[in-house]
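In numbering that gives the first Met the number 0, the protein residues as written are 0 to 615.
There is no bait here: all hints are sound.
Listed next, the in silico DSS-like pairs over lysine-lysine satisfying Cα-Cα at most 27 angstroms (straight line): (1) Lys-354 to Lys-518; (2) Lys-549 to Lys-354; (3) Lys-549 to Lys-478.
Rather than coming from a laboratory, the hints here were simulated on the basis of the structure. These figures come from a predicted structure and were not determined experimentally.
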Amino acid sequence: MMRARTRMPRASRRFLITALLACTCVLTLVMGSEAASATLPTATVTVTAPAQVLTGATAALSAAITNPATPGEVVYLDLYNGSAWTPAGSVTAGSSSTAALGVGQGAPGTYYYRLRIAATGAHAESDSAVFGIKVVNPPIPGITVSAPAQTTTDATATITASLTSVPAGETVYLDRLSGTTAVAQTSARVTAGSTAVFAVQQTATGTYAYRVRVLATGTHQAATGSWFTITVGLPTPVLTITGPAQIPPGAAATLQVTISQASVGNEIVELEQATGSTWTAVSSTTTASDGTAALRVTQALPGQYTYRVRLAATTLHNAGTSASFGMQVTADATAPGATSAPPAPTTCGGAAPVKPDGRSWVCTYDDEFNGTTLDRRYWVPQVSATSGFYTGTTSNPACVIDDPQTIAVTGGDLQLNAKVLDTPIACGTATTRLVSGMVMQNGTFSQTYGKYEIRAELPAWTGKGLQETFWLWPNDVLKYGGKYPSAGEIDLAEFYSNVSAVTVPTMHYLFDPSTMNLKTGTNVFSAQNCLVNVGAFNTYGLEWSPGQLKVFVNDKLCLTDNYVASNATAANPYAPFDSPFFLSLTQGFGTTGNEFDPDQGPKLSTTLVDYVRVWA
Numbered sequence: 000m001m002r003a004r005t006r007m008p009r010a011s012r013r014f015l016i017t018a019l020l021a022c023t024c025v026l027t028l029v030m031g032s033e034a035a036s037a038t039l040p041t042a043t044v045t046v047t048a049p050a051q052v053l054t055g056a057t058a059a060l061s062a063a064i065t066n067p068a069t070p071g072e073v074v075y076l077d078l079y080n081g082s083a084w085t086p087a088g089s090v091t092a093g094s095s096s097t098a099a100l101g102v103g104q105g106a107p108g109t110y111y112y113r114l115r116i117a118a119t120g121a122h123a124e125s126d127s128a129v130f131g132i133k134v135v136n137p138p139i140p141g142i143t144v145s146a147p148a149q150t151t152t153d154a155t156a157t158i159t160a161s162l163t164s165v166p167a168g169e170t171v172y173l174d175r176l177s178g179t180t181a182v183a184q185t186s187a188r189v190t191a192g193s194t195a196v197f198a199v200q201q202t203a204t205g206t207y208a209y210r211v212r213v214l215a216t217g218t219h220q221a222a223t224g225s226w227f228t229i230t231v232g233l234p235t236p237v238l239t240i241t242g243p244a245q246i247p248p249g250a251a252a253t254l255q256v257t258i259s260q261a262s263v264g265n266e267i268v269e270l271e272q273a274t275g276s277t278w279t280a281v282s283s284t285t286t287a288s289d290g291t292a293a294l295r296v297t298q299a300l301p302g303q304y305t306y307r308v309r310l311a312a313t314t315l316h317n318a319g320t321s322a323s324f325g326m327q328v329t330a331d332a333t334a335p336g337a338t339s340a341p342p343a344p345t346t347c348g349g350a351a352p353v354k355p356d357g358r359s360w361v362c363t364y365d366d367e368f369n370g371t372t373l374d375r376r377y378w379v380p381q382v383s384a385t386s387g388f389y390t391g392t393t394s395n396p397a398c399v400i401d402d403p404q405t406i407a408v409t410g411g412d413l414q415l416n417a418k419v420l421d422t423p424i425a426c427g428t429a430t431t432r433l434v435s436g437m438v439m440q441n442g443t444f445s446q447t448y449g450k451y452e453i454r455a456e457l458p459a460w461t462g463k464g465l466q467e468t469f470w471l472w473p474n475d476v477l478k479y480g481g482k483y484p485s486a487g488e489i490d491l492a493e494f495y496s497n498v499s500a501v502t503v504p505t506m507h508y509l510f511d512p513s514t515m516n517l518k519t520g521t522n523v524f525s526a527q528n529c530l531v532n533v534g535a536f537n538t539y540g541l542e543w544s545p546g547q548l549k550v551f552v553n554d555k556l557c558l559t560d561n562y563v564a565s566n567a568t569a570a571n572p573y574a575p576f577d578s579p580f581f582l583s584l585t586q587g588f589g590t591t592g593n594e595f596d597p598d599q600g601p602k603l604s605t606t607l608v609d610y611v612r613v614w615a
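Please model the complete structure; the sequences and the hints are all you need to start from.
Written out as structure tokens, the structure is:
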């Protein structure tokens, strides 16, 4: 069956033709555009970029556009995010068709980029080659420290830190540990040699912890070195002796002592003499403010003598001992003093006294002063110029000198004079008209415990100004610490002319005043009831035994001191009076309260010593 053909209306046919014509034009335009762009050049984009940068730093990129050059065009930076390219920035190319831009990342990793220019009428769209930039964290500086393990309170410790990845000129810090807190101590600049040097000094002993620290910068991270310690101790003094290598018998030699490496002004320095394999203290003096001292020695017999000096430890320094010093005493018939040892005494003036237990005392030393010269084998004159010992007051000092005007033996007596000179003399650090005599047995005779007796006549002057003392001083002043009176002093007879009717014995040592007990005699260190016959000979005695000191005047007991020193120990229960002491006889001028007035006092005053006797 045939279907009848239906004819499209005229108006509809006209609309369809118009639409087809329009479609044909669009296709022709698109095809024409593609044909035209295919003939445009593709510009070349060349990128220069660093292979690696630090986190947070800006990587500088530069781009050159050629074939053709495109001055003034926008250059786009794209970042690949793992699945697509995303815009990361843009810049306009300069007149030379170059562009510079920066990129930075705050996290480490490798980042991929490309530069892109859009298509124009002069060229097609162009991309650079993909390039990667590795972003890494700044380096952690390496810190290596060189420092002494030990130093002393008087020294400056140098700490040197060697660093890596820290540029010259940067500040580096030194911390010290205080409890649990790090406290900045000092800082230093890094040198061209990549080191930083610190200087520290600690005035107190102990162990101190330090560390070196650098702050973070754009070129490196912060870094802290490991803690290290420096132990600070007390300095050890270096003592040096100089003196004559050779002297004649009986002559006095002055040994100069120099002390360094510690502050030792106004301290006791002790001279020791070698006796076989042991050292025996023979003299002592006080150091000057510059750490120097002078010690005087006399040897009557020819031979080789070896000395050393010693300084006790204090809170400021350790104990110090010098190297040994040798001095030769050569025989010389013209030298003063004897050339052979005297015979040992046998009787000390007669029958031996009897001890409380019924046994007899044994005579160990006796000088009756029956000659015409001082027996310098045993008696050593004190000299202010070399020892620094003075009597009198600070404003009006008096010197002890070795001179016939002050020391003489005549008429069976030792004469010790106190004299006012017509013209002042210089003696050490003083210039004065007041001079006197003093003799001692330092380095010649000493003993521990025993009985002492001195018969003497003191000046009859009853006004102010004179002071005489018969006293014992320890050979080893450093044995119990070196700080007076830790080693003890025994003034068995001490006189003040303004109270001339009494002698005032005084025992000097460390003890607790609250332990003084008059009933038991414990630590009763002095007495005011020891009466003397003014202007006449009196005998002054001491009986010294472990734990007890007794003083007699004219055979009458006037002081018993059952001493208990605070520095005594279980090993040394009778300290400090348990070591050898030597005897000194002093004629001097008075101290504060008993000052001498040269315009009022006598021009010459004499103490006469009839004998000195010692038993054991």
